[in-house]
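> Given chain A, put chain B in place with the hints provided.
2 protein chains.
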Amino acid sequence: LDEAAMAQARDLQSRLTKPPGSLGVLEELSVRLAGLAGRCPPPLPEPAAVAIFAADHGVHAQGVSPWPQEVTAQMVANFLAGGAVVNAFAAQVGAQVTVVDVGVAAPLEDAPGLLVRKVAPGTADMTRAPAMTADQARRALRIGIEVAGELVAAGHRCLLTGDMGIANTTASAALIAAFTGLPPERVTGRGTGIDDATHRHKIDVVRTALTRHGLLAQSAREPGDGRTSPAAAGPPQGAAASAGSPASTPDGAPVSDPLRVLAAVGGLEHAALAGFILGGAAARVPVVLDGVIAGAAALVAAALCPQAMAACVAGHRSAEPGHTATVEHLGLRPLVDLHLRLGEGTGALLALPLVQGAVRVLHEVATFDSAGVSDK
Amino acid sequence: LDEAAMAQARDLQSRLTKPPGSLGVLEELSVRLAGLAGRCPPPLPEPAAVAIFAADHGVHAQGVSPWPQEVTAQMVANFLAGGAVVNAFAAQVGAQVTVVDVGVAAPLEDAPGLLVRKVAPGTADMTRAPAMTADQARRALRIGIEVAGELVAAGHRCLLTGDMGIANTTASAALIAAFTGLPPERVTGRGTGIDDATHRHKIDVVRTALTRHGLLAQSAREPGDGRTSPAAAGPPQGAAASAGSPASTPDGAPVSDPLRVLAAVGGLEHAALAGFILGGAAARVPVVLDGVIAGAAALVAAALCPQAMAACVAGHRSAEPGHTATVEHLGLRPLVDLHLRLGEGTGALLALPLVQGAVRVLHEVATFDSAGVSDK
Numbered sequence: 046l047d048e049a050a051m052a053q054a055r056d057l058q059s060r061l062t063k064p065p066g067s068l069g070v071l072e073e074l075s076v077r078l079a080g081l082a083g084r085c086p087p088p089l090p091e092p093a094a095v096a097i098f099a100a101d102h103g104v105h106a107q108g109v110s111p112w113p114q115e116v117t118a119q120m121v122a123n124f125l126a127g128g129a130v131v132n133a134f135a136a137q138v139g140a141q142v143t144v145v146d147v148g149v150a151a152p153l154e155d156a157p158g159l160l161v162r163k164v165a166p167g168t169a170d171m172t173r174a175p176a177m178t179a180d181q182a183r184r185a186l187r188i189g190i191e192v193a194g195e196l197v198a199a200g201h202r203c204l205l206t207g208d209m210g211i212a213n214t215t216a217s218a219a220l221i222a223a224f225t226g227l228p229p230e231r232v233t234g235r236g237t238g239i240d241d242a243t244h245r246h247k248i249d250v251v252r253t254a255l256t257r258h259g260l261l262a263q264s265a266r267e268p269g270d271g272r273t274s275p276a277a278a279g280p281p282q283g284a285a286a287s288a289g290s291p292a293s294t295p296d297g298a299p300v301s302d303p304l305r306v307l308a309a310v311g312g313l314e315h316a317a318l319a320g321f322i323l324g325g326a327a328a329r330v331p332v333v334l335d336g337v338i339a340g341a342a343a344l345v346a347a348a349l350c351p352q353a354m355a356a357c358v359a360g361h362r363s364a365e366p367g368h369t370a371t372v373e374h375l376g377l378r379p380l381v382d383l384h385l386r387l388g389e390g391t392g393a394l395l396a397l398p399l400v401q402g403a404v405r406v407l408h409e410v411a412t413f414d415s416a417g418v419s420d421k
Numbered sequence: 046l047d048e049a050a051m052a053q054a055r056d057l058q059s060r061l062t063k064p065p066g067s068l069g070v071l072e073e074l075s076v077r078l079a080g081l082a083g084r085c086p087p088p089l090p091e092p093a094a095v096a097i098f099a100a101d102h103g104v105h106a107q108g109v110s111p112w113p114q115e116v117t118a119q120m121v122a123n124f125l126a127g128g129a130v131v132n133a134f135a136a137q138v139g140a141q142v143t144v145v146d147v148g149v150a151a152p153l154e155d156a157p158g159l160l161v162r163k164v165a166p167g168t169a170d171m172t173r174a175p176a177m178t179a180d181q182a183r184r185a186l187r188i189g190i191e192v193a194g195e196l197v198a199a200g201h202r203c204l205l206t207g208d209m210g211i212a213n214t215t216a217s218a219a220l221i222a223a224f225t226g227l228p229p230e231r232v233t234g235r236g237t238g239i240d241d242a243t244h245r246h247k248i249d250v251v252r253t254a255l256t257r258h259g260l261l262a263q264s265a266r267e268p269g270d271g272r273t274s275p276a277a278a279g280p281p282q283g284a285a286a287s288a289g290s291p292a293s294t295p296d297g298a299p300v301s302d303p304l305r306v307l308a309a310v311g312g313l314e315h316a317a318l319a320g321f322i323l324g325g326a327a328a329r330v331p332v333v334l335d336g337v338i339a340g341a342a343a344l345v346a347a348a349l350c351p352q353a354m355a356a357c358v359a360g361h362r363s364a365e366p367g368h369t370a371t372v373e374h375l376g377l378r379p380l381v382d383l384h385l386r387l388g389e390g391t392g393a394l395l396a397l398p399l400v401q402g403a404v405r406v407l408h409e410v411a412t413f414d415s416a417g418v419s420d421k
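Top to bottom, those sequences are chains A and B.
Taking my numbering, I'd label the letters of the first sequence as residues 46 to 421.
Taking my numbering, I'd label the letters of the second sequence as residues 46 to 421.
Derived from the structure by calculation, the hints contain no laboratory data.
Here the structure is a predicted model, which means the values were calculated and not measured.
All clues given are correct.
Remember, identical chains collapse to one label, so a pair may be satisfied in a single copy or spanning two.
Mimicking EDC-like on lysine to aspartate or glutamate, the simulated pairs with C-alpha atoms at most 16 Å apart in a straight line are:
1. 163 / 191
2. 421 / 115
3. 163 / 180
4. 421 / 240
Isolated chain A, as found in the complex (with noise of 0.2 Å):
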């Protein structure tokens, strides 16, 4: 974040014609956003992207969805369509929709909307293996990367993030417990809406995933035990303790290797969106996160490159439980919170026009001085 700008900004916010201070989040996140663009006022956000990436997870084998595995490609077939919500919030504030297929399992064809670049069809099940390789994950995180550069280079001057595949709020839970040092318990969700029974096996599938893989925290060894064990009980941490919770992780696990961790139990959508957010940062464009898929993949990110930060707004506050724990580990502040838990982008996009206007008030509300209005 560049100092001058972010000075420059916040002086400026002190002469504009409202009372100091009074447009709250907004005014800090206008600030942040000169730092990254590194002049004052920053660029507009706009025009905006959103990406979808989509996948396949071989945990779906393990029961932790009610849906079939088939309604991933439905869905994006339903996007291309302009049928879903992600499309219908996208039209309402103005944003393009791209879909990048990166491991859907049924065999996909390129399509105007849609970029088939697909890395496999779905991962592993990471009950039983990583769920991808090295390579694999590598690869898909250059996608991610790539699709950044593209949509910037096309024009785009605000990213946001979208995502689609059944069962991705399993490998989301496994992850954010691996890069926070939660028990599964505490960061597992209902996902699409599961009844009990459902979560507390998806709790147990998540538990077995990271006991395999060697990345269950000491203090989540002990189930049902987590919520009071020390570690897990703690105070949230904030941005800079990002690396300090999982390099505990024992057995030859640490976060100093995210991209083993990555490979273990995240999702090929999770690599693509970790990159997508590596690539938007390094463009010194912001990327607007959406929920608990969106905040797993940047706590890859974060662990690759913690600038990368500077970078993201978190959109919404997901209705899962393991969002809010990643939202705080990251340090970040979600501009909307309504109990969504519908992933695609959506939260994201509602939360567009906000990061725009508080962008706009820097390019267009008057000073004191040039309004002739009078300050206190």
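Below, chain B without anything else, positioned relative to chain A:
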């Protein structure tokens, strides 16, 4: 609210290609707006218009704000020149801005974007006399109803409240205390950002005005003690209880006469805003409320016509403490919560795309059947 249309909306939401309930608060909102319109889907709430009701306050003479009273008129000029935050946000979300002078102290002339409907050049000082006569309050109320009607007649399908008036958080605190029965120290905030001494003085001014007009609730009569008294410390009441607490106000000032309360301690813009809400509700058009000024006006509108709340959407949660008490009292759930305390309509404008997105889903999203997506 039309129950049949709401049932239709609930049924439609359950068939759309998304997990049931996954749009959280926005799903409930879409159902309510279908009930308001009496059909499903309800009309898209666009185009939208924000009406900024501007007025001055006699209580300014008590030194409750560090800003000179002239700023009200100066900011009106700023709105008309397009230089305020409300203009930037309105441009961002595609809303039209109309300024209505219902009581600015300085003489203003009609101009593009300005309606001069001045009832009086500001209110009287509520610590010494009723702020308005009953006739003034009624005239301002009627102006609000008329402006809502004119905007709807011009084709607007969503109304947003805006306000401008130095010292209007003081009048708002007095209205909120009178209608909720909470003590002044619970509902009086720092407005544009006053210091501790001015804040204590402002609370005293609100208490003095309420006492003079017989509007201080029994539970709030001991300064500094209200916080622990049963009535004030009680849990927030839902919408249905709106008429409960204030009815116990003694000294012949029950809120069964909301117009008397409004005239005693309100502002001309509060009166006009209450009318604007009633006018929007009568036209069955959603009215997105801004912050604490709009909330105080909504208490008046709810006391006059509880059914009008069906049309109201709380745009955001203001940083003012009285606002949280107000939305709880009214049973409203703010959509945006970013510590804004600017007013002008800015918080309502930020919520507009969320309201529009919620309704757009009912218009544009495919069902499982139509999209060929497998249901679980």
